[in-house]
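Undergrad: Residue numbers (my numbering), protein chains in the order written: chain V, 1 to 621; chain R, 1001 to 1503; chain B, 2001 to 2275; chain U, 3001 to 3314.
Be careful, since some hints might not be right.
Claimed, not checked - Going by beta-carbon spacing under 7 Å, a handful of chain V positions derived as facing chain U:
(1) Leu56
(2) Arg88
(3) Gly89
(4) Met94
(5) Asp101
(6) Ser102
(7) Leu103
(8) Asn104
(9) Ala291
(10) Arg296
(11) Gly509
What the hints assert, rightly or not - With a straight-line cut-off of 20 Å between C-alpha atoms, the simulated SDA-like cross-links for lysine to any residue are:
(12) Lys3042/U - Lys1251/R
(13) Lys3042/U - Thr1041/R
(14) Lys1251/R - Ala1209/R
(15) Lys1251/R - Leu3157/U
(16) Lys1378/R - Gly2057/B
(17) Lys2008/B - Lys3042/U
What the hints assert, rightly or not - Incomplete in silico selection of chain B near chain U, CB under 10 Å:
(18) Leu2028
(19) Phe2047
(20) Glu2048
(21) Trp2110
(22) Ser2115
(23) Ser2151
(24) Gly2204
(25) Ile2245
(26) Ala2246
(27) Leu2251
Think of the hints as simulated: they come from the structure by calculation, not from any bench.
Just so we're clear, the structure is a prediction, and the values are computed from it rather than from any experiment.
Heads up, the beta-carbon is just placed ideally off N, CA and C, and yes, glycines get one too.
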Amino acid sequence: MSLLEIDRLSVGVPGDGTDTELVHELTLGLDSGQTLCVVGESGSGKTVTALSVIRLLEFVTPVRTTGEVRLDDVDLTGLNPNVMRTYRGHRIGMVFQEAMDSLNPAQRVGVQLVEAYASGRRDKRAQARALDLLREVGFTDPERVADLYPHQMSGGMQQRVMIAMALMAGPDLLLADEPTTALDVTTQAEILRLFRDVQREHRMACVFITHDMGVAAEIADRIAVMYAGRLVEVGPAAEILASPRHRYTRALVECVPQVGVRRTGGLPSIPGSVPAATEVLPGCRFAPRCAESSDRCHTEEPPLIALDNGVEAACWSPGSGPVALPDPRVLHSDTPKYALGQPETHARAAETLLEIKDVRRTFLTRGKGGSPFRRRARMNAVDGVSLDIRPGEFFGLVGESGSGKTTLGQLVAALDDPTEGTIVAAGQRHTARGLEGDARAFRRAVQLVFQDPQSSLDPRHTIGRIVAEPLRELTDLRGADLRRRVEQLLDEVGLPKTIADRLPSQISGGQRQRVAIARALAPRPKLIVADEPTSALDVSVQGQVMNLLLDLRREHGLGFLFITHNLSLILSVADRVGVMKDGRLIEVGTPDRIAAAPEHEYTRTLLAANPGIVPAAGSHE
Amino acid sequence: TPATKSADEAGPPVRGGNLTVRLAQDPGSLDTVRNTNAGTTYVGHEVFEQLVTIDAGYQPQPVLAESYKKSDDGLGFTFTLRKGIVFSDGTPLRAADAAASLRYWVENGSYAGSLKPVLKEISAPDEQTVQVDLTAPFNLVALVATSHGTGIRKEADIKAAGPTGIGRDNAIGTGPYKVKSWTPGQEIVLERNDKYQAPPGKSSGYAGAKNAYLDTITYKIVADSDAVLNGLQTGLFDVAEPSHDQYDQVKRDSTLKIGVEGAANIQYVALNHNAGSIFSKPEAREAMNLIVDKKAVMASQGVPDLVSASNGAFAAQSNKAMYSDAAKSQWDQSDPQRAKELFAAAGLKPDQTVRMITTDEFPQFKDALVIIQDALKKIGVNATIDSYDFATLMGRKNTQPDSWDVLALMDDANPPVPSYSDNVQGLDNMGYPRDKLAPLLTKYNAARTPEEQKAAIDDIQKFTAANLPTITLYSAKSYVAFSAKVRGYDGWGMEFADVWLAR
Amino acid sequence: MTGRRNRKLLVVGGLLGLITLLVLVLPLLLPDPDAPDPVNRLLSPSFEHPMGTDKYGRDLFARWASAGRVSIGMTLLITVCAATLGTFIGLVAGYFTRAGTVIMRVVDAWMAFPSIILAIVFAVVVGPGMLSELLAVTIIFTPYTARVIRSRVLGLTTRAYVKAARVAGMGPWKTLAVHVLPNTLPLAVVQCVLLSAGAMLIDGSLSFLGLGISPPTATWGNMVSDGRTYLHDHPTMVLFPGLTIALFVFLLNLAGSGLRTLVDPRARQLADRRA
Amino acid sequence: MAVVVLRRLRDLVVVLFVVGTVLFFLLRSIPGDPAQVLLGTKADPAQLDRLRRDLGLTGPLHEQYLTWLGNVLTGDFGTSIKYQLPVPQMILDHLAPTLTLAVLGIVISFLLTVLIVTWATVSPGNRVARFVGRAAQFGLALPEFWLALLAIYLFALTLGWFPTSGYTPFFEDPPTAIAQLALPLAVLVIGQTAFLTITMEESVLGELSRSYLRTARAKGVHERRIMVRHVLPNSMLPVLTTAGLNFASLIGGVVVIESIFVIPGLGTMLLGAVYARDFPLIQGGVMFVAFLFVLVNLLVDLAYALVDPKVRVS
Ligand SMILES: Nc1ncnc2c1ncn2[C@@H]1O[C@H](COP(=O)(O)OP(=O)(O)OP(=O)(O)O)[C@@H](O)[C@H]1O
Ligand SMILES: Nc1ncnc2c1ncn2[C@@H]1O[C@H](COP(=O)(O)OP(=O)(O)OP(=O)(O)O)[C@@H](O)[C@H]1O
Ligand SMILES: [Mg+2]
Ligand SMILES: [Mg+2]
Ligand code: NI
């Protein structure tokens, strides 16, 4: 008998007229002491599943649940709310993604910890346990930490507190919903380690939700893959990673970028996007995106059936064997189709496209919160950075959160003025006094792509109007010419012409980012600053967008300043990579060199912390 | 006829108690010369005494003066003071105090405006005598008696006067009451003046011996006129002057008594004679006179007990000495059709509006204008009404003389001399021929016999009717509402020095 | 859920429209609201005079209807002015951060000014009437609108599409007009409706203090004020116009919060809780 | 902290300066002046001019302004023209009634609001709780002056439970003082409570959608405890701000109530001062109200600092 048994669980929320089924007939089991990773793209129903197990979803929205969720043979779905409450915390603990939001900002964390113990009696035992747990999650001075307020702690510290809090009442089952997604790679690595230790120590079963196969590979005993509200594959972690069966799982595994693997020719991706929960698809929900789909896939929904090695998958044409992961050792010699990585071959090699010299940007910070009682402090978001980018070069900038990457990008795009130093982009000087010379010429030469495709498009403008905007402002194109150019641009980024009349809310995230890219291309720039253009996107779509950027670079000889925190990604595509920390550019080099021989200690940490699927020995012939 | 005190009110007078009186505004000071606020007058009459004042029949009676004498040529007046009078702070009254008070009054008082040109000197030849010398005959005693500003003060207090007059702290008089406390904006409390020396004679009007039965009189300052009735009904005040609008309600309330004041007002609308106004044209003035249905305006007050026709006269009909019906026939007319033609003749353009202004101080001003506005509308003339606070009205009238056509106000229906009346003098002297009026006024002042005076008044009245600086609407009396326990009071002039409270 | 909410909004809007229609049409059928008739002064409500007559004998029902025209008209006018000015200031203060700090300082001082006193001073300067009331109330409400709009604009300017417009070479004023303003409009509209509720209340207060529109024009506020004198004997003179204001403002508030639920998801939850 | 307070005080000075200056020129531009009010209709121009000169109202405007500014900077706020009393004393004399009304009004409303909302929050779905929301929305729509008149009609004129108007300092005659305050206070409290209730409801709602509640639930904390320990304290802050703002605006805004209930407060004083064109008194009074406004907001901020750990610790 398993500790947790989910049996044909369906979760629906009432929509306009009919219920929308967010999770459909999900069946899963988990033994005590085991870690189950639930993976899947955004919107696949991972969070809904977890919240349904602990029955927290019903506080947010009216839900209709069918099926059973059994914990030690007790059906949780049938419990009355008061009994269910005694299960929360004591039998099932939960850790959430946004640690900052998940803690009460107005209470000391000590108090919040104590509240989690035996219905919050503030006795000595509870306090002692709180301090013990704080020590266990890695705080050397638990007394001090217990006295802090959430906002006085870093994201990593908060997440540790959250874990300690989930442990306070000693649950048998721990649900963790993407507890590391908001964290830096380095911090993420620590928290993952902590998770493993804690779980082993307390002999808990753990459901760990992530959308990152790499993370799953690090800590899972078993992996469950969800897609569009369905469980599509479940099995032992090693099996799933080494030899995924469902076509979706295989594609997902393939998409994970790997350190040391050059992929300038193109990244793997899955075409299309995840269907909305309301979308009616008679067959396999993955079929429209599946390269191997047959007619049957489109008409009949595949059941979850047991395959070999304890793996179950819901696929009419499951694959087998390892996914063709490129071998890092081999692919060092991979030569890109176009030798843009070697500037010598380029005609304009001598000139520089972008020259950043001793640039500093100082902010007068006013602390957090909306209160007037803020102490001003100076903080150097960018602290003396010098950097050259050649025409047509793809320069990758990585660094942990808050290291100043975005700030630098904004300086280059002249959305902000440096406090000190000069930036020369496409022949235009930019100093503390602002842009010198023709601002329009500068805008024509330098464009920017933002991280969040959703917020970078005005929700009230049609796609056509959005793409036309820079053309109207920066070029003389009008009327039919303008329309033709817009169509051409949409075509260039692989979007149908018809999309021009739609609003941003009517297209998918990946399409939105393409629109943003089309807009950036419109004035035929020489340099594009791309600030984490793919980090808001799912892995599968991330590949599509990256490929588009790489294609465009090849076709137009565009220079890129590509900002990301994804080290594996940037190492696989960039010509040169710079690592930022605390506003300084601490290391610049080719991806090969950085991957092979990182000079800076911090770079080494980054590399080590990078989660990834290390191709299992022997899985590669 | 002015009411006389009825002694038949049950029981003998009782000493003691406090009377609460409502005042609309804090007068700020008791300088009855420079401060024209009604409250100043009310309180001033309890605190100060004049050389001569008026009795209930509006006849001059000596108070602080033992006697007064007019010289044979009519150019000199001698007032002899009563002996042994002291101010409430114990200082004896001297002739110098009286002379200084009169001089201060002539210098600063608006009432004395007509006296100024003929005044030669005011002197105090000895401790008991005040001498006033004139250059031309003038009805001095009547003016002194009627003017609120002639209350006698200490010379020292007058010397200490600041820019806005004699301060609150220097309000020392010889009257039956003295100021006990004064909380600005809230209340003024008077208490009995133990050093008061009553003049001979029975109490009548402001004159005669006052008994000062009340220990204290508290004047509560309540601006809101609608709170007055509620206050009376719930016992917050003993005495107040509600508005005409509230008359019916007061009358119906059995717990309240009504006293009609002897004094009356003439309600009028002044016509702007300046070139900027249509009323610079005689035709337009004539038209206005014809369009205003005075009877309707009077009726709209809804207080037939309190109003009476003015007949175009600048004084109330009860004021025998001043009333003249020389303008009656003109006043009685009402002929909208003719008015329309006259307006056209005056050059009133179809899109031109008649701009009427007034103040919110008393609702009856607006009432009159509303009726007039409706009458004008009926003959196709647009009229607007703007109602301002008093200060704005005055500022508007004086500094923007071209911004208005008609102004509704009221004036004392018992003017001491004709020249004092707005209905005679006009509100502005720009278009109105005051120079032609002046000889008529001189004639009045020089009159030796009542017949001569009457003839002069008739002439003045005719002049006014011909030039129409104002159109009088009706004459109205104010009334006082007081609780049943207030005794010995008939509503005469908010004067409480002889009033007592029933136990 | 959504259907019911919309239906409710429709009902509220319908009622508002009905009252407006009533005051637009009724005066055409009723006697002249300004014509005095001294004989019939101060009548109690009867079949002939549903609300009675006032001290000039004017029919109070006719006055109520024509007052509605003025009150609703004034409210609209004030709302448009205050919302336009406030939105403009809010836009500028929110978008141009440096100027914004200065502007907000001024707005603070502006709010510190006791509003009724301000209204009085205006009534005195310009003379009581439409213009002064318009000025005074506009001035009272503008800073509040400006604040609301500004905070919204501050939120919008962090949106990448505003930055994207700059990257696309668009000037600040054009960006304001093309990207910021349209996205503030829903909020501005909501603000307008809520503001009109406030405007109607303050219009009442001013008329009540005698600082509003000049006689004989009736407004609901000055009808209450005029009826005050007769509170004891004719309480209906105060009751009816006041009740109308209360009802109208209540409906406006409902409409405002109803509209807000369409614009602001948080408000939607509140509405659901109340439902 | 001290630095911050100092900075806010500097802002205060700026606000006062702006208010004072604007008002000065506004007042001089309005028709009518104190001389006319004092001397009445029949004064002759010479008398008026003399009085104006004596009051310092002649001469170029900018000179008058500089004189005024100089005086204010030396702490001399002038003398009321009408009452011949120093302006600060006049303000002090009229402060008590207004302050009593405003403070009691806000405090009672605040407490009522917290009670009502707490009750409605702890028992959601309750019919009465729903009614509260409705009632608050309706309360918000009631014109204050009208409510005051109805209250007078009903409770004073018809039932005779309370006096119609008046004000007595509390320590002079407590029963009378309470009786007189009851109606105006009730009117004030109804409006304020409606407003604060709506503010707090929204605030509670904002808190209800915050993720930390999910955490608390995941810990197995009882719903009631979640409301009482987490939601309500955290949603109090915006109400505090609103209450502070309201308090400040009440000081200058109770004119209507003061006038209907004949309460000799600051509003009445200012109204009277405007009518009398008592320039120094208006000037001083309005600046004082503005001062209170800013001061109360500063105090609210300080209170914030005590309550909100985010501010307190950093
Ligand atoms: N309260 C809710 N009401 C209605 N729909 C919801 C609700 N919560 C989630 N959904 C929908 O349910 C689907 C699954 O959401 P869920 O949050 O479980 O996805 P997820 O796999 O956790 O994605 P992510 O990786 O983005 O967290 C989505 O389409 C989402 O829009
Ligand atoms: N407008 C600003 N005012 C004050 N501080 C700022 C401002 N913008 C950025 N900062 C600070 O500058 C530092 C660098 O921020 P930046 O956004 O450049 O980091 P980043 O490397 O892009 O981080 P992330 O990976 O989280 O996007 C941060 O500490 C941030 O708080
Ligand atoms: Mg999720
Ligand atoms: Mg960034
Ligand atoms: Ni398939």
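Undergrad: Next, verify each hint and record whether it holds.
TA: Hints, verified against the model:
At a threshold of 7 Å, the smallest CB-CB gap from leucine 56/V to chain U is about 6 Å, leaving the interface hint in force. The beta carbon of arginine 88/V comes within 4 Å of a beta carbon in chain U, closer than 7 Å, and the hint placing it at the interface holds. Below 7 Å, beta-carbon pairs count as interface contacts, and glycine 89/V has one with chain U at about 3 Å; its hint therefore holds. Proximity of methionine 94/V to chain U holds as hinted, the smallest CB-CB distance being about 4 Å (cut-off 7 Å).
The beta carbon of aspartate 101/V is positioned within 7 Å of a beta carbon in chain U (closest approach about 4 Å), and the interface hint is therefore held. The criterion of a C-beta within 7 Å of any C-beta in chain U is met by serine 102/V, whose closest approach is roughly 5 Å, and the hint holds. Interface restraint check for leucine 103/V: the shortest CB-CB distance to chain U comes to about 6 Å, inside 7 Å, so the restraint holds. A least Cβ separation of about 4 Å between asparagine 104/V and chain U falls short of the 7 Å threshold, and the interface hint therefore holds.
For alanine 291/V, the interface hint is violated, the least distance from its beta-carbon to any beta-carbon of chain U being 39 Å, above 7 Å. Taking 7 Å as the C-beta contact cut-off toward chain U, the hint placing arginine 296/V at the interface is violated, the least distance being around 41 Å. With 7 Å as the threshold, the beta carbon of glycine 509/V stays out of range of chain U, its nearest partner Cβ sitting at about 23 Å, so the hint is violated. Distance restraint check for lysine 3042/U and lysine 1251/R: the Cα-Cα separation of roughly 34 Å exceeds the 20 Å cut-off, and the hinted pair is therefore not satisfied.
Proximity of lysine 3042/U to threonine 1041/R is assessed by CA-CA distance (about 16 Å); at most 20 Å being required, the pair is judged to hold. Taking the CA atoms of lysine 1251/R and alanine 1209/R, the gap is about 31 Å. The hint is violated against a cut of 20 Å. As the CA atoms of lysine 1251/R and leucine 3157/U are separated by approximately 17 Å, the hinted pair is consistent with the 20 Å bound. The hinted pair formed by lysine 1378/R and glycine 2057/B meets the criterion: a straight-line CA distance of about 17 Å does not exceed 20 Å.
With a CA separation close to 63 Å, the supplied pair lysine 2008/B and lysine 3042/U exceeds the 20 Å bound. Because the smallest distance between the Cβ of leucine 2028/B and any Cβ of chain U comes to about 28 Å, over 10 Å, the interface hint for this residue is violated. Nearest Cβ of chain U to the Cβ of phenylalanine 2047/B: about 25 Å, over the 10 Å cut. The hint is violated. Interface hint at glutamate 2048/B: violated, since its Cβ lies 25 Å from the closest Cβ of chain U, which is beyond the 10 Å cut-off.
At about 8 Å, the closest approach between the beta carbon of tryptophan 2110/B and any beta carbon in chain U falls short of 10 Å, and the interface hint on this residue holds. Taking 10 Å as the C-beta cut-off, the interface hint given for serine 2115/B holds, the closest approach to chain U being about 6 Å. For serine 2151/B, the suggested interface contact is broken, since its CB lies about 13 Å from the closest CB of chain U, more than 10 Å. Look at glycine 2204/B: its Cβ gets to within about 5 Å of chain U, closer than 10 Å, so that hint holds up.
Using the Cβ-Cβ criterion of 10 Å, the hint placing isoleucine 2245/B at the interface with chain U is satisfied: the shortest such distance is roughly 5 Å. A distance limit of 10 Å between C-beta atoms decides the matter here; for alanine 2246/B the minimum to chain U is near 5 Å, and the interface restraint holds. Checking leucine 2251/B against chain U: minimum C-beta separation of about 8 Å stays under 10 Å; hint holds.
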